[in-house]
Amino acid sequence: MKRRTKTLKSGLAAIAVSLLLVSPALGQRSVERQSGYVNLERIGHFDDYFERQATIEVNVEGPLMRLVAAASLFEDPELADLLLKLDGVFVRGFELDRSDRDAFEESASLIGDYLEDEGWSVVVKVRDRDEIVQMYVNMEDDTVVGIVVMSMEGGGEETVFVNIVGEIDPEQIGSIGRKFHIGGVRDWK
Amino acid sequence: MPDESCPEEVTRGVMAHVRRDVRHSFFNRLQATLNWQGVARLKPAIAMALLLIVVLSSVIVGRNSPVPDAEVAQALADVKMALAYFSDAGRTTGTAVKQDIIGPFVVRPVSRSMNEIIEN
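In order, the protein sequence lines correspond to chains Z and W. Each residue of the first sequence is one higher than the one before, counting from 1 in this note's numbering. Each residue of the second sequence is one higher than the one before, counting from 1001 in this note's numbering.
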């Protein structure tokens, strides 16, 4: 009887360990359902405001995000650690004519209003002659779960919308992000 | 003296009995082997080894995913760029942020983190 109980305990322990190992895959929710996700394209009415197609279109989520994290594991463990906590990275970038500056402002304004209504906090809102930058964060229990960055640079010639979804440590992203070179929208192809 | 053949049902009964005995002794030997002190001590190790095999198999299967390496490399580059944009947005707008934005709207942990981004 004792032996049977012991075997049962060992079996349960093995099942528990196995579940722990596969739980990230089982527990994964669709990124679109997470509170840090924003459908920038739909909310910003990109089709209406930008005549040209997006020159940057990045959708990294789900299994691809895990592969990306695994790919950076040896080269940059700190980056891998950050990526493992992210659920998705979405970017849309447009090249603009200077006259299209209003298009960005109107689209960004729609997104900003939506985010504020949804309880996001504005962290950065800068309006310059050559540059407009807006950054919003969504928090749950002191943890950042979503970030949206909207920026127009180069005197209004290029604009980028970024949505990062997942358990985000802004400090970690800031320090890691500094290591990478930013070209313009034209370099990001 | 003439040979007499054993009746069919007797032969079948004897053979069934023999097979049962052989099967029984095989299981007895197997059980005895498994209950042997040395093997009993190895049980956790065997369990871990099996677990390791399962995990490694899943990693190998995962590696053989339909996503090509080039696509993963491109995705990694794109993610790096997105992170760089976030970092850059904090840095290049530092002065304006300090003047206008970081205040009552910003939750403390975020403002602290943003300040560190900006200061660097």
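Calculated from the structure, these hints are not laboratory results. Computed from a predicted model, the values in this text were never measured in an experiment. Just so it is clear, CB atoms sit at the ideal spot from N, CA and C, and this is done for glycine as well. Incorrect hints may appear among the rest.
[Stated by the list, open to error] Which residues of chain Z face chain W? A few of them, derived with a C-beta cut under 8 Å, are:
#1 43
#2 54
#3 68
#4 71
#5 73
#6 84
#7 89
#8 110
#9 124
#10 135
#11 145
#12 151
#13 162
#14 174
#15 176
#16 178
[Claimed, not checked] With beta-carbon atoms standing in for the labels, derived distance ranges:
#17 Z/113 x W/1056: 47 to 55 Å
#18 Z/128 x W/1077: 26 to 34 Å
#19 W/1027 x Z/59: 24 to 32 Å
#20 Z/33 x W/1069: 51 to 59 Å
#21 W/1045 x Z/55: 37 to 45 Å
#22 W/1051 x Z/73: 50 to 58 Å
#23 Z/63 x W/1045: 55 to 63 Å
#24 Z/118 x W/1051: 37 to 45 Å
#25 Z/39 x W/1054: 33 to 41 Å
#26 Z/102 x W/1077: 27 to 35 Å
#27 Z/76 x W/1052: 37 to 45 Å
#28 W/1015 x Z/63: 24 to 32 Å
Against the structure, the hints:
With a cut of 8 Å, the hint placing residue 43 of chain Z at the interface with chain W is violated, because the nearest CB-to-CB distance is about 18 Å. Annotation: interface hint on residue 54 of chain Z violated; nearest CB of chain W at approximately 13 Å, more than 8 Å. For residue 68 of chain Z, the interface hint holds, the least distance from its beta-carbon to any beta-carbon of chain W being 5 Å, beneath 8 Å. Here the hint on residue 71 of chain Z is kept, as its CB sits about 5 Å from the closest CB of chain W, short of 8 Å.
Given the 8 Å rule on beta carbons, the hint for residue 73 of chain Z is violated: about 11 Å separates it from the nearest Cβ of chain W. For residue 84 of chain Z, the interface hint is violated, the least distance from its beta-carbon to any beta-carbon of chain W being 12 Å, above 8 Å. Annotation: interface hint on residue 89 of chain Z holds; nearest CB of chain W at approximately 5 Å, less than 8 Å. Interface restraint check: residue 110 of chain Z against chain W, minimum CB-CB distance 19 Å, threshold 8 Å, status violated.
The interface hint given for residue 124 of chain Z holds, since its Cβ lies 5 Å from the closest Cβ of chain W, which is under the 8 Å cut-off. Contact between residue 135 of chain Z and chain W, as hinted, is supported at the beta carbon level, the nearest pair being about 5 Å apart and thus within 8 Å. The closest approach between the C-beta of residue 145 of chain Z and any C-beta of chain W is roughly 12 Å, which is over the 8 Å cut-off, so the hint fails. The beta carbon of residue 151 of chain Z comes within 6 Å of a beta carbon in chain W, closer than 8 Å, and the hint placing it at the interface holds.
Checking residue 162 of chain Z against chain W: minimum C-beta separation of about 5 Å stays under 8 Å; hint holds. Because the smallest distance between the Cβ of residue 174 of chain Z and any Cβ of chain W comes to about 3 Å, under 8 Å, the interface hint for this residue holds. Look at residue 176 of chain Z: its Cβ gets to within about 6 Å of chain W, closer than 8 Å, so that hint holds up. For the restraint placing residue 178 of chain Z at the interface with chain W, the shortest Cβ-Cβ distance is roughly 5 Å, inside the 8 Å limit, so the hint holds.
The beta-carbon spacing between residue 113 of chain Z and residue 1056 of chain W, approximately 50 Å, falls within the hinted interval of 47 to 55 Å. Hint check: residue 128 of chain Z to residue 1077 of chain W, Cβ distance near 28 Å, so the stated range 26 to 34 Å holds. The hinted range of 24 to 32 Å is not satisfied by residue 1027 of chain W and residue 59 of chain Z, whose Cβ atoms lie roughly 57 Å apart. For the pair residue 33 of chain Z and residue 1069 of chain W, the supplied restraint of 51 to 59 Å is violated, since their beta-carbon distance comes to about 30 Å.
Taking 37 to 45 Å as the suggested C-beta distance range, the pair residue 1045 of chain W and residue 55 of chain Z does not conform, at roughly 56 Å. For the hinted restraint 50 to 58 Å between residue 1051 of chain W and residue 73 of chain Z, the CB-CB distance of approximately 21 Å leaves it violated. Residue 63 of chain Z and residue 1045 of chain W have their C-beta atoms about 33 Å apart, which leaves the hinted 55 to 63 Å range violated. Between residue 118 of chain Z and residue 1051 of chain W, the C-beta spacing of about 43 Å keeps the proposed range 37 to 45 Å intact.
Evaluation of the 33 to 41 Å hint for residue 39 of chain Z and residue 1054 of chain W yields a pass: the beta carbon distance comes to about 38 Å. Checking the proposed 27 to 35 Å range against residue 102 of chain Z and residue 1077 of chain W shows it holds: the Cβ atoms sit about 32 Å from each other. One distance hint, 37 to 45 Å for the beta-carbon pair residue 76 of chain Z and residue 1052 of chain W, is violated here, with the actual separation near 26 Å. Between residue 1015 of chain W and residue 63 of chain Z the beta carbon distance is about 57 Å. The supplied range of 24 to 32 Å is therefore violated.
Going down the numbered hints, you'll see the structure goes against 1, 2, 5, 6, 8, 11, 19, 20, 21, 22, 23, 27 and 28, while the others check out.
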